[in-house]
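Enquirer: Start from chain A and add chains B, C and D with the ligands according to the hints.
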Amino acid sequence: MSRTLITDAQNTWCPGCGNFTIQFALRNAIQNLVKEGVPLETIVLVTGIGCHAKMADYLNINSFYSIHGRTIPVATGIKLANPELTVLCCTGDGDAYAEGLDHLVFAAKRNSHITVIVHNNRVYGLTTGQYTPTSPLGFRGRSTPGGTIEAPFNPLSLMLTSGAGFVARGTSRKMRELEDLISQGLRHRGFAFIDVLQVCATYFNTSEVYDRQGYALSDHDPADFEAACRKAQEWDYNRDAPIALGLFFRQEKPVFEEQFPRRSMTPVDRGKAIQAILDAKR
Amino acid sequence: MSRTLITDAQNTWCPGCGNFTIQFALRNAIQNLVKEGVPLETIVLVTGIGCHAKMADYLNINSFYSIHGRTIPVATGIKLANPELTVLCCTGDGDAYAEGLDHLVFAAKRNSHITVIVHNNRVYGLTTGQYTPTSPLGFRGRSTPGGTIEAPFNPLSLMLTSGAGFVARGTSRKMRELEDLISQGLRHRGFAFIDVLQVCATYFNTSEVYDRQGYALSDHDPADFEAACRKAQEWDYNRDAPIALGLFFRQEKPVFEEQFPRRSMTPVDRGKAIQAILDAKR
Amino acid sequence: MADLSVLTGGRAGDGINSAGLLVSHLFNRMGYFPYMYFDYPSLIKGGHNFTITRASDMPVGACRERIDVMLALNQDTIDLHRDLMHDETVVIYDSGRATAEGQGVPVQEILSEEQAPAVMGNSCMIGAFSGATGIPFHIVEEVFTRQIPRGLEKNIAVARRGYGVVKQVRTIEPGTGEPLPLVSGNEAIGLGLLHGGLDAFVAYPMTPTSNLLHFLAGMAEEHPLTVVHPENEIAVILMAHGLAYAGKKTAVGTSGGGFCLMTESISMSGTNEVPVVVVMGQRTGPSTGLPTYTGQTDLHFVLHAGQGEFPRLVVAPGDITQACIWSARALSLAWSCQVPAIILADKTLCEGITPLQNGAFPPLPSEERPDAPSGREYHRYSFTENGISPMLYPPVPGSVIKVNSYIHDEAGITTERSDLTTRMTDKRILKEKTLRARTESLSPVEVFGRDHAPITILCWGSTLPGCREVAGTLGFRVVQPVVLSPFPVNQLKTALSGSERIIAIEENALGQLVMLCARNGISVDEAILKYDGRPFSIEELERRLSEVT
Amino acid sequence: MADLSVLTGGRAGDGINSAGLLVSHLFNRMGYFPYMYFDYPSLIKGGHNFTITRASDMPVGACRERIDVMLALNQDTIDLHRDLMHDETVVIYDSGRATAEGQGVPVQEILSEEQAPAVMGNSCMIGAFSGATGIPFHIVEEVFTRQIPRGLEKNIAVARRGYGVVKQVRTIEPGTGEPLPLVSGNEAIGLGLLHGGLDAFVAYPMTPTSNLLHFLAGMAEEHPLTVVHPENEIAVILMAHGLAYAGKKTAVGTSGGGFCLMTESISMSGTNEVPVVVVMGQRTGPSTGLPTYTGQTDLHFVLHAGQGEFPRLVVAPGDITQACIWSARALSLAWSCQVPAIILADKTLCEGITPLQNGAFPPLPSEERPDAPSGREYHRYSFTENGISPMLYPPVPGSVIKVNSYIHDEAGITTERSDLTTRMTDKRILKEKTLRARTESLSPVEVFGRDHAPITILCWGSTLPGCREVAGTLGFRVVQPVVLSPFPVNQLKTALSGSERIIAIEENALGQLVMLCARNGISVDEAILKYDGRPFSIEELERRLSEVT
Ligand SMILES: Cc1ncc(C[n+]2csc(CCOP(=O)(O)OP(=O)(O)O)c2C)c(N)n1
Ligand SMILES: Cc1ncc(C[n+]2csc(CCOP(=O)(O)OP(=O)(O)O)c2C)c(N)n1
Ligand code: SF4
Ligand code: SF4
Ligand SMILES: [Mg+2]
Ligand SMILES: [Mg+2]
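Order-wise, the sequence lines are chains A, B, C and D.
Going by this note's numbering, the first sequence opens with residue 695, and the numbers climb by one from there.
Going by this note's numbering, the second sequence opens with residue 695, and the numbers climb by one from there.
Going by this note's numbering, the third sequence opens with residue 2, and the numbers climb by one from there.
Going by this note's numbering, the fourth sequence opens with residue 2, and the numbers climb by one from there.
Read the hints as simulated data drawn from the structure, not as lab findings.
You may find that some hints are simply not true.
[Stated by the list, open to error] Take a look, some chain C residues computed to stay more than 10 Å from chain D by CB distance: (1) ASN18; (2) THR90; (3) GLU386; (4) GLY473.
[As the list claims (entries may be wrong)] On the chain A side, residues computed to face chain D include the following (Cβ under 8 Å): (5) HIS762; (6) ALA792; (7) LEU795; (8) GLY819; (9) SER837.
Here a beta-carbon is modelled for each residue, glycine too, at the ideal position from N, C-alpha and C.
Only chain A is shown next, with the shape it has when bound in the complex (with noise of 0.2 Å):
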């Protein structure tokens, strides 16, 4: 692999985001899929619209820089169209969790075998600064300057509910550690949710309560889903709690993609099936 991992466009993340863990983790991620014999051009990036998505002008991969929301129903597309293809979504809680959240939880229904890692800075960073579902119970943006009234919904136990099959948290504190969940989702045969808790150095900087709260998943069995549920509720993304970290869940399941037809019809096959059908209905 000779070609860089990182484009020349300038970078315009704020000094401390996150988002430069997650780039490097996952660029790291994909230099070790590279490493195992994944070809670079067989791995295809989707992202949203926000500060993450500025992830497909950065990595010098193939990608669908793609509207506000809609990561995911491409992602499928471009999997169903080539089931070659390695397809990630890097997408934002306003993206995922507010504007697109329904397809979100189809794919996971579907088992739609893509991996989602959702930039979850807990605010709309590119708007400069409104709640998001996942922002804490009166957090104060910019929509909501006396704090809002919502307490947030918690990701992890949606998509667990939701049916997928591979739920894991990471952090942009801990680099390495999301490098490794990013490289087992992206190996996991199926539908892959990667919640990373992102600090956003400008609208919300919770890296301390990251650090001080986070801990490692040990002791935990990935295949028991009702320990992966009790696990996902320990923080209910709103009151001080201690933050697990790691693989929550993992099952295999039947893919979506793989249940419709690897090849094409050719030009003859279309002929003949449309005179198939205008004999049959003379």
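Expert: This is chains B, C and D with the ligands only, laid out in the frame that chain A set:
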């Protein structure tokens, strides 16, 4: 209450359709509410588009016959406008679980004080029988003639995870019990969710299954979240299993709409507010 | 006989659509050109449904207000359609369900005597219809054999009984035509797309294009075609974007409400140049409107849907053969020019059934697209003379393929530079030119009727067959732009030249084609508009035309 | 002095917007009319931001390509804007961050000597600016006192130091105007809506209208106003439907992408007659485009968005005062005619800042709406002479209030009848007439510049101030339709009458107003178009106009 609750509109549900049962259960629940002193004119029904949605034509009460998938935000808007109103949705499974799933999750998260009755016939009725998110795996609908490849999700679990404060399941096979659940839902201060297993006589006649597998929840404490989650998982909307009917979970929480101002600004208020801003910007 | 109309009516759920289709097939076998219109409200069982099959020795595609044979499966059919009957209308009715003047068929009795299930009642009525009109029974047998997959023998037996209980009151002489395939507009669009190279179809059900989804889902059972019905229309079009980005020719189907939800991604297609093809079946609006009725009210919406300015192909086929031809072309042009394409149909076209003429599968325009440069780094959006960049799909060893909804540079990296912004818009303008040139070579404007006639009917979409027919009678010319974007102004002017009077016919209240013409310097003298959800009948067209000519 | 431009530049995150605003306030206090343009890329920190404050003794609203004072907080400011400098440009720069010819201010040193935090660096530069241009220090104190809520004394101290370290190189004579409130377009729209009776505002953030959400969310902290930011734009507009159904005057805010998601419910508003008001701020498209730059590319999209045909109000204010006036009117007209209304703005208007002229809050047109009949049963959609039905909100004892997205009867019950379908469309046509009459009484077309001048500039939206200015210089007339739907054809014709040459000016590639005029029989001779995301400068307008006149 002199007004009859049924309009003159010609009813066009198929013979044997479970919607009739829901209609009468709902009518009775409303009548009870009115008997208890809730003025009929303060009740508002919001429906989506589908067979279920014809309820708006058939019940002689205030109604907002919305578009496909979009009952819930309309209902929240109405409740926000006037918290004196009792606002309920009759929505379909295509409506609430596919087209507009995100709104359902967010209404639960917000604890919007509305009652959502899902006519869950596990099929798109009005568009002539396609699978929905709660159709069993392998369901042969018109868009999936060879059978679906997606397992259903479990709406009760999803609602519990999303923070719903009232989660219940009824069936069109049991009108009395359904009436009771609806009555309770309408009285619940906050978001009330009722999944109604409704028989579609034409495209998915599940009467026999519901009659055979359905049983009334008993010995169950609706205040116990864990127990509710377990009970909800007993049947996965797919394989044969006992189907619990009744109130799974209930918990009071702060209501979304109560945290907004009740009164409007008077013209004098407006003048002053505008002047104050102008002065500050000089 | 040259023109015969049969109305088949009954309750929703009684299989009226299939019964009407069998009637149409009988005419098809007899050597006529049938046209079937299906009228049904938005409900599943119990309401009133009817079909009108009109058969002629010329291709037709609109109904008359005169019914020659009425096949009544219930009383409503008799009561609701009296105004269509004339002195010689042959009425055949199920005597167990209706009373009328005409010939009653004791369907129930026959079924029980034949130990046949209730669903075979229609076969009995079809038999009676054939008997009364003198269609030879071997034709009935032939049609049943070809069209009724299950319980053939019993169906034939029941039909034979129906055939026997009525007396022949008309004679239908065998026509001269060969039986052609009878297809609906939805099927024609589906076949055209397949011919055009369709790899994948994604849709969320919505009348009037749900049946296109059903048709292609059926195809996918037997052929390597990817058909997906996802959670909603937003997912639909975004999956299409993903599929197309990775090289699969993809179309989606919807109607107005679903189309609204797709507009954001149509605009994305304008910027990211990923070709998506949308089959948009109009119905009566606004909003939910009349879901099972027709209209031509969305032309300007589809012409302008999505923020920003970008080229798009909009074609509005006027009949089933055009639907087939232009669906293939739309897919092909979308890919050759890397633009979004919209196939604008309506309920009349989508659900009407007529024979597919020969020539519906012409060779496709070649998909000229520049090759990717060898040796140089690949840029998804490289500037070229005609605005069309080389389009590759992953995986391509050594190449990075980036598409982007932001304004981007040639490589697909986001930019905010003012010069690049202008250049990318200029690239889109160039693409529109290229698209225009390519559509212009495919006769985007059709002319029918009397050459150089001084009076011209200007129409678009599904009103074409009716307009063609009345123009034939009245000696008018018919001009129909099939391509509506890029609007073929010059061809249209040529087609209209010499007209002394141009009369537009549209099924909307605003005269949307008239508006489009006016904007392009073409003035229309008169507009005949209708907006009750029902297609124009021949008589209505004649009446309204005579009022203004 | 009659015309002075100050460019303030630095990195995103350096508070350039606030610094530029303080400069504008200084001019405001000095008795001038400032106009501030804010240019920033879509990122949070580090990229290059700049503002241009132009001050004049006449109201202005567009920039010049000449900068008289440059306030450079970093080196980029110097390097990127050299082309705007002239021989006498006064350059003031933070000598710790930039080197340039001009007067350096040792901001860092001053701050540490004053023990002031880094954020006060801008105050130091503002002080230096005032010192160099001879703005009396008491004016600086006055502005700081009014505009800087926190740390006032230290800010003043720091400014005083800045004031002292430079030498005065220009003199700004006090002007004669009274200080007016300086507001942004977003604020003007918000204030107009409040004046118009706004009860609730619902929005999902999207540039360039996010600040409208922020502004109204701030208002809601102190006043009984309902402001909601829900999960996405679909929820936004449907909540608005619910709020409006229950009697609350509601507006929503968005830009192109979000607007796409709202189109389905705009169409619903066409059928269910629930008034919703959408503030639509255009930005450079298509798709994500350039999120923080401007454009006028969505006119036809908003005119036709949503399936089906229905009346809608579209107003495109040209400056901040019009934005205030017409936002109030849009809300009021939407409610009086029960139609959807769109306030079409763009980034230039939304985020530009100028003084709000007196007269921005005229009395509202009266909301004439028929009363509900007493004694008779209430019907939400009863037929009336002008198409406007009595509108009640629940709860009304004894009345049932049904709204419906299907075609319905007067009571709001679904119908599929052809006669009712036609009548309901006719009702919508009547409503459009009524809406037209009501807008016509509010001078929907504005005329500026020289009376009866033979050359007319035709423009719409935010290009107005620039056009007005160059027309003043060149002796042209300016005609601006503020209302774009129902299109005021007659008023526009009157306004244009006697023009020998009509030149349209638009920030798009297609000439969308030109297209709209053509459709309405008004032909435009020339179109000057620009589509790089940046607003026209005065010089550019003059240059382009001189090319064609
Ligand atoms: C349909 C639509 N609505 C709104 C926006 C404006 N917008 C752009 S990015 C963004 C929020 C992004 O938040 P998140 O997904 O959390 O990303 P972050 O910037 O925090 O990484 C929004 C609302 C848009 N581009 N499109
Ligand atoms: C945006 C949009 N997409 C699709 C449709 C077509 N449509 C009408 S009803 C319906 C399905 C209804 O299914 P469900 O909500 O389960 O209701 P049911 O008929 O089963 O009661 C669909 C897809 C529509 N009206 N609007
Ligand atoms: S705003 Fe937050 S998320 Fe965005 S680049 Fe800055 S620090 Fe990162
Ligand atoms: S199709 Fe099913 S849900 Fe619809 S009316 Fe008939 S039985 Fe009821
Ligand atoms: Mg975020
Ligand atoms: Mg259903």
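Enquirer: All hints, please: hold or fail.
Expert: Status of the hints after comparison with the structure:
no.	hint	verdict
1	ASN18	holds (17 Å)
2	THR90	holds (22 Å)
3	GLU386	holds (19 Å)
4	GLY473	holds (27 Å)
5	HIS762	holds (7 Å)
6	ALA792	holds (5 Å)
7	LEU795	holds (7 Å)
8	GLY819	holds (6 Å)
9	SER837	holds (4 Å)
This entry satisfies every hint, going by the numbered hints stated previously.
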